[in-house]
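J.: Following the numbering used here, the numbering of the sequence shown begins with 1 at its first residue and continues without gaps.
None of these hints come from the bench; they were simulated from the model. Careful, some of the hints might be misleading.
[As the list claims (entries may be wrong)] Derived DEER-like restraints, expressed as beta-carbon distance ranges:
1) Gly-50 with Ala-161: 35 to 41 Å
2) Pro-68 with Glu-146: 25 to 31 Å
3) Ala-114 with Glu-146: 35 to 41 Å
4) Ala-85 with Ile-47: 21 to 27 Å
5) Arg-63 with Ala-98: 19 to 25 Å
6) Gln-82 with Gly-168: 27 to 33 Å
7) Pro-162 with Glu-49: 29 to 35 Å
8) Gly-180 with Arg-87: 27 to 33 Å
9) Glu-126 with Gly-197: 32 to 38 Å
10) Ala-98 with Gly-50: 29 to 35 Å
11) Glu-59 with Ala-169: 36 to 42 Å
12) Arg-77 with Ile-47: 17 to 23 Å
Built from N, CA and C at the ideal position, the CB exists for glycine as well.
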Amino acid sequence: MASTPATTARLLIVGPQGSGKGTQGIRIAEALGIPVVSTGDIFRANIKEGTELGRQVTEILDRGDLVPDELTGAIVRDRLQQADAARGFLLDGYPRNAAQVSDLDAFLAESDAALDAVILLDVAREESIARLSLRAVEQGRSDDNEEAIAKRLDIYEKETAPILEMYGARGIVDRIDGAGDLDEITERILAALEARGLAPAAAV
Numbered sequence: 001m002a003s004t005p006a007t008t009a010r011l012l013i014v015g016p017q018g019s020g021k022g023t024q025g026i027r028i029a030e031a032l033g034i035p036v037v038s039t040g041d042i043f044r045a046n047i048k049e050g051t052e053l054g055r056q057v058t059e060i061l062d063r064g065d066l067v068p069d070e071l072t073g074a075i076v077r078d079r080l081q082q083a084d085a086a087r088g089f090l091l092d093g094y095p096r097n098a099a100q101v102s103d104l105d106a107f108l109a110e111s112d113a114a115l116d117a118v119i120l121l122d123v124a125r126e127e128s129i130a131r132l133s134l135r136a137v138e139q140g141r142s143d144d145n146e147e148a149i150a151k152r153l154d155i156y157e158k159e160t161a162p163i164l165e166m167y168g169a170r171g172i173v174d175r176i177d178g179a180g181d182l183d184e185i186t187e188r189i190l191a192a193l194e195a196r197g198l199a200p201a202a203a204v
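All chains, please: the whole structure from these sequences, using the hints.
T.: If you want it as structure tokens, here you go:
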């Protein structure tokens, strides 16, 4: 059963493709009564709805480029100013690099806030590849071939290392074992957050 904590919880969840980050992010956000702010979901929704943002993102992705930091940051800032994020949020997919970390810091500082915790789902590279390969078979996803998976994991490892170093220096990174049963992983995350005073004991 979901429960709302007495304090705010501003969180970021990080993990390689195949780590279960999306699933765990939703579970944790529901348990704490906060919204998931996923840049990927926002982009996909706008593309599907044919909005101006969706057209911009489609053109960028069709060129094989990454969505610029400035555009991504503006989208996230707009989302975090909505009423449901007033008591906290769980970020998924942003920030991805040092420049985005600085941009988010500056935005949160405007309201004397900061991230409370970074949840790092720790999954061995071999496990990530195995999970994604299985997903490719089950869902018929051609983009989940071994070469593409390896490339995405390389990008994740390269981009995420400096972010974790920055947040690690602040003492807010909780490294969570991402292997095992879904419920067990959720319990590990909530226990880590509870230790920081961010999750009630009866969250789930």
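J.: Are there hints from earlier that the structure breaks, and if so, what are their numbers?
T.: none
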